[in-house]
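Chains P and H, in that order, are what the protein sequence lines are.
1032 is the number that the working numbering gives the last residue of the first sequence; the numbers go up by one with no jumps.
1032 is the number that the working numbering gives the last residue of the second sequence; the numbers go up by one with no jumps.
Be a bit skeptical, because a hint or two may be false.
[Said to hold, decoys possible] Here are some of the chain H residues that sit facing chain P, going by a computed Cβ distance under 10 Å:
1. M825
2. L853
3. A1008
[Unchecked claim] As a list, the in silico DSS-like pairs of lysine-lysine whose alpha-carbon atoms are at most 25 Å apart:
4. K866(P) <-> K1003(H)
5. K1003(H) <-> K1015(H)
6. K938(H) <-> K839(H)
7. K839(P) <-> K839(H)
8. K996(P) <-> K1015(P)
9. K938(P) <-> K778(P)
10. K1003(P) <-> K778(P)
11. K1015(H) <-> K938(H)
12. K1015(H) <-> K866(P)
13. K866(H) <-> K938(P)
14. K839(P) <-> K969(P)
Keep in mind the hints are simulated off the structure, nothing from the lab.
Just so you know, even glycine gets a beta-carbon here, dropped at the ideal spot from N, CA and C.
2 protein chains.
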Amino acid sequence: MDYSLLAGGKRLRPIMVLAAAEAVTDNEDISARAVNFACAVEMIHTYSLIHDDLPAMDNDDYRRGRLTNHKMFGDAMAILAGDGLLTHAFHVATQAAKNGVPAERVLAVVEELSMYAGLPGMVGGQVDDMLGEQGVTSLEQLVHIHVHKTSDLIACSLRAGGHAAEADYKQLTAFGLFGRNVGLAFQIQDDILDLTGTEEKLGKPVKSDERQEKVTYPFLLGLDESRKRVAELTKEANEALLQAGLKTPDRLIEIADYLLNRDH
Amino acid sequence: MDYSLLAGGKRLRPIMVLAAAEAVTDNEDISARAVNFACAVEMIHTYSLIHDDLPAMDNDDYRRGRLTNHKMFGDAMAILAGDGLLTHAFHVATQAAKNGVPAERVLAVVEELSMYAGLPGMVGGQVDDMLGEQGVTSLEQLVHIHVHKTSDLIACSLRAGGHAAEADYKQLTAFGLFGRNVGLAFQIQDDILDLTGTEEKLGKPVKSDERQEKVTYPFLLGLDESRKRVAELTKEANEALLQAGLKTPDRLIEIADYLLNRDH
């Protein structure tokens, strides 16, 4: 569990939790209140990477610049490390109640985590991805898979930060939309980088999508149109945020800009 | 997820949830309040069976009289079905708040589920079991593994039923003890039945422990001493229950007696 959780990575999801909470309120304690949810989403993200990397799934040997969990510890321990991280994520989330988050808000976050990470979300997205590997032909199908595989947990992270700061309905909805778009832009950018990046910067072999004959955005739309899509999605995401009556949406918008321009 | 969840089985854990709730109060609505937790623990139990049966783990072909999940749907789908059930268990548990269970009690159940099912509980027990397969030599080690692999979720089920009925601290503690002992007795009985039962009654091949050279209670203690252990543990469990000031502990005691005398 530690090996994969502490392997680095962008920490995008926990940053989203904290940035969303800080966008709602300038209360100085807000990070301490939101930090449990930040840890929970990173644990869920890490569990999903460990299981996705297994030989039965994507069969990847490297992740974040080092051997994948099952390459280090064997398939059984990797399955259990994922199970342990997923379960522990819910534990860590409940502890927010001891850091000043009202019980109803903590319950709302647990409920949302279990949906966005579960069959209606990430798990369903991964199932569709596995089943569709031979047959994805339309942009619509690809968007559907990525909304669930990637966007859902990002949207959930933002909403969790919102709940920690007791955001209102309008703000939570804007966080959901922002997360959906940024998550999709992030995934398209990932596909682009797999084609155009270097192994040194990415910490994993490039052009793996091509080798595995995966249907990606650049494959369906071409590189230029894919890049345009990233810019449009980011613009829409920022607009949703600016109309939600947030105190300080700046940092979230910075993150979206960073995702648009990253090279790893 | 449906294939394994609806495959039958004894439904011991959900029955424990409902029986514990009914032991605390004679409120007629109590089953409706406790039923979410009953579903949650069965989902967690089923996920653990699906993952334990995988080729990377115990590599079992049959479960509850039919092909195991990965034999039907492949390893990837079995991993995802387990992930989906584990995640959905937490979702179902949160919905108890909509059936009249106070938010603090629902949170307590989510917190306990995440511990008893996680690294300090079932996942840790399975890890120790896998790591110990070559080297378990003492009864102490075997008890440690089974307390976590089996007892923890049973204890958690009883405590969840208790929380649904707003049990007091003393009652929750008695449920925990009862669950620990009954779970251990249940596991010893499983080992005994693997040696003495028939494939027809068990719905799975017998003597699989011997074939896999597993260290079991009958292996360490002999059949007679193992049977005596089951009786002692059940007696202790019943005594703990009778001293907790419960309204109607009868059904729980009936369940313990059933476990002691079952042949499948």
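TODO: Starting from the hint list further up, note which numbers the structure goes against and sort them upward.
DONE: 3, 4, 6, 8, 9, 12
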